[in-house]
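**Student:** Below, each chain spelled out in residue letters.
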Amino acid sequence: GENVEQHPSTLSVQEGDSAVIKCTYSDSASNYFPWYKQELGKGPQLIIDIRSNVGEKKDQRIAVTLNKTAKHFSLHITETQPEDSAVYFCAASEIGSSYGKLTFGQGTILTVHP
Amino acid sequence: NAGVTQTPKFQVLKTGQSMTLQCAQDMNHNSMYWYRQDPGMGLRLIYYSASEGTTDKGEVPNGYNVSRLNKREFSLRLESAAPSQTSVYFCASSEFRGETQYFGPGTRLLVL
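Residue numbers (this note's numbering), protein chains in the order written: chain E, 67 to 180; chain L, 36 to 147.
Careful: at least some of the hints might be erroneous.
Some chain E residues near chain L, calculated using beta-carbon distances under 7 angstroms [as the list claims (entries may be wrong)]:
hint	residue
1	P74
2	P100
3	P110
4	L112
5	S159
6	E160
7	I161
8	L168
9	F170
10	Q172
11	G173
For the record, the hints were derived by calculation from the structure and aren't laboratory data.
All C-beta atoms in this analysis are idealised placements derived from N, C-alpha and C, irrespective of residue type, glycine included.
Throw the hints in and build the complete structure from the sequences for me.
**Tutor:** This is how it looks when you write it as structure tokens:
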């Protein structure tokens, strides 16, 4: 089955800096890569996703890049703000397969210092 | 449109007691999932239901049972709770397998 590795496990930045979280996956059949943000005491919420036919996707201060050849994808947050502090999870799945479950990375605790 | 709802929000059990965690979604999704989240362990899939009438084991199914009551509802049952089942439980749903999952707010379970 799919295996997703996420790095770093913790990330501390100053407000206004950029933050980058990286994930690698093992199954070349995976074609869908979402990112989730989990605030303290809440469930994970989707913040951005990318499909394998696209190399990059942006939504305001958040962007995701995908390198299918190397089997890795990254989350980029620019101009970080204290409210970006949370746990971030990457995930991968193969849409349309009989397996079709999301495999999650272990999570990154992002702390943005004012 | 409430999305995914879970009850209860918090529960304390004694070892050996049983309980059922309830989950419902109002997005007309076909697939539903149960995860547990422990410190440093990320999200681990317990059971999932790809469509109404089907259920399958995930990564950590031992000690749990599930019921897909109808398209909206998916319950998780602990028949004889153990301290190792102390965790935060999340229910999620997606339109189809492998697609974007939407999570509920979680149930915090403490087994003494």
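**Student:** Look at each hint and say if it fits the structure.
**Tutor:** To see whether the hints hold, each was checked on the structure:
1. P74: At 14 angstroms from the nearest chain L Cβ, E/P74 fails the 7 angstroms test, so the hint is violated.
2. P100: 6 angstroms, holds
3. P110: 5 angstroms, holds
4. L112: 6 angstroms, holds
5. S159: 4 angstroms, holds
6. E160: 6 angstroms, holds
7. I161: 4 angstroms, holds
8. L168: Where the cut-off is 7 angstroms and the nearest Cβ of chain L is about 6 angstroms from E/L168, the hint holds.
9. F170: 5 angstroms, holds
10. Q172: E/Q172 check passes; min Cβ-Cβ to chain L is 4 angstroms, inside 7 angstroms.
11. G173: 5 angstroms, holds
Comparing the model with each numbered hint stated earlier shows that hint 1 is the single one that does not hold.
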